[in-house]
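All chains should be built: construct the whole structure from the sequences, respecting the hints.
Just so we're aligned, residue 347 is where the sequence shown starts under our numbering, counting upward by one.
Keeping only pairs whose Cα atoms sit at most 16 Å apart, straight-line, the calculated EDC-like set for lysine to aspartate or glutamate is: (1) 440 / 688; (2) 750 / 707; (3) 386 / 427.
Hints were generated in silico from the structure; no laboratory data involved.
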Amino acid sequence: MTLEDNVRQNANIPRSISGLEPGVLDPSQPTRLLRLSGAKLSFASFDPRVASSVSSLDINGLSLKEELYRAKRVVIETLSDGRSYWRFVPRARKAPDVEDEGTWPRIVSICGELVQCSRDQWDIYKLDPEYDCYVQASPQLALITRRDRLPKSNNPPSLQAASSSIPHHKRRLSPPSSPSQDIFPPSAKKRRQVPHVLSSSEEEDEVESMVDQSQHRPPKTRVPSRRTRDNFEAQRRVKREKIARAEAKRAQKGITDDEMEFEPVYTVPSTPRSKPQTFSSSATKRKGDDDSSPDERQSSNQPHHPYGNYKPSKRPRTKSPESDRREALEKRKERERKRAEEQARRSDARKEQKQRAFMEDILADIPEVTSVENGIHEGADQPEDQEPDDEEIRLTAIEESRRKLAELERDKQIWEEAAREREREFEEEQERQERVREEMVKELLKAETERKQRQAEANRRAQAEREAKEKLERERREQAEAWQREKEPCTRTLQDPLRILRRDEILGQRAAHIDAVPWPLLEAPMKFSVEDVDWAAVEKFFKTVQAHMRWQDYKIFVEKSHRRFHPDRWSSRGLLNTITDETERSSLDVAANTVAQALTPLWRETKGR
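See the structure below:
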């Protein structure tokens, strides 16, 4: 025992094993697991769909309850020359209530010794036929124990291996690559036959069913060409002629068909024959060898040998795909039935365990029954020969159990009422939140409607202002064109003396501007400025108008013009307030006062007559 082992034993620390190397605790383990010395083991997960030739998954065939989609552990053995072999890791035995093997690493009892074991080392012990792995229900530890040695059989190991490797429900073995291949491989290449590894297990059946189901339809056969068919027919004719000649020679020698019976080289008889079939070394000689006898040459041409003219080719179909699908469907139904039964059994076991634990919990709370007589407690210093009455204890326990069950029943109503209250509060909260959401939606819709209305009103006002501005510009343009067409500037004014009145309506709605004000001047509006408005120009305008108008019309025209340019009217309308330029506003104010002052004497003159 090493120093590390002494320290671990004194400190009660379990030994830890990990890695992919077999034989950490048992030095003889590599000889049972490895094919050749120097080989290395590695583990991986196997997906049955890898063996399928279908690249896309069948969505309709998927099921969440299928065990085919669970990851399966496989062991890969890599030899020193680079070759590798793989096989399934067998499952460990499990207790009835155990569903899986648990998480790793964890403490395992290996032959009575507590060891901190990793998942890889656990799989190595499952591969070893000398050990039995058993998973118990928590909190019990998993066990690894040695198996009982099986009695040795009198049959040769080669026959045992062959018989164990050919199950009746499996597929037939593929033919050998050449007729000269031996029945049994050399002893140096014999593989160890482990019953629990090479036997047909549920995992292999599942993999086969997956591969069979993936082949939905047989592959399309290619139609041979005419030349190929002609060659094939010629070969068939040659073979028929050879068979006919061989039959004729055999009939001449008196050889019957019964004498030509033979045992296929790849099968193993269940019982030994009285005269085992012998194979001469001449069978391996070439066709042109002169040492072979005529009989041997004739027998070599006979087609009775099953693999005499064997060529590697596709295996012929032995049964229809429908039968494969039906068989796979039956296997799947059988697995589902077994799985349902196992789940029901586990569910019943869990219920029974919960009920048993509940009763034990109830009985554990029952106090010990003691009676007091003459101030002395019976049961504490009671003699051993005076045992308590079992029937009384049982009745007391039953009564206590009934009392606790009644309390639980009363509490059940309280719990149900509390649950209903919580559900009612939850529903009220949901309704309140729903109302809040509806109100928020209504407010958002209302705000959106108001925003659209304000936007429409602003667009309408902008459109009206744009149209009025365009109209004003159009009138100004027309007026300028009219002034340019007329040779005498005052002719246009005299023909339409109410022109200023119509423009006055526009003046009250717009910002004051020199072009927008109907100044009483004879010059064209496009030619004069605000500095041209003076007393003399105004008097000249009205004297010219008086010569071309009746007195009554002239009187009305002067009165309205005086009222239009009155300073009080301009201030009441706030026309000058709309002008942002201070200089322009002052110029317009001075010009308006000048016109008003020039019109005052004219207005008084019309009033005096």
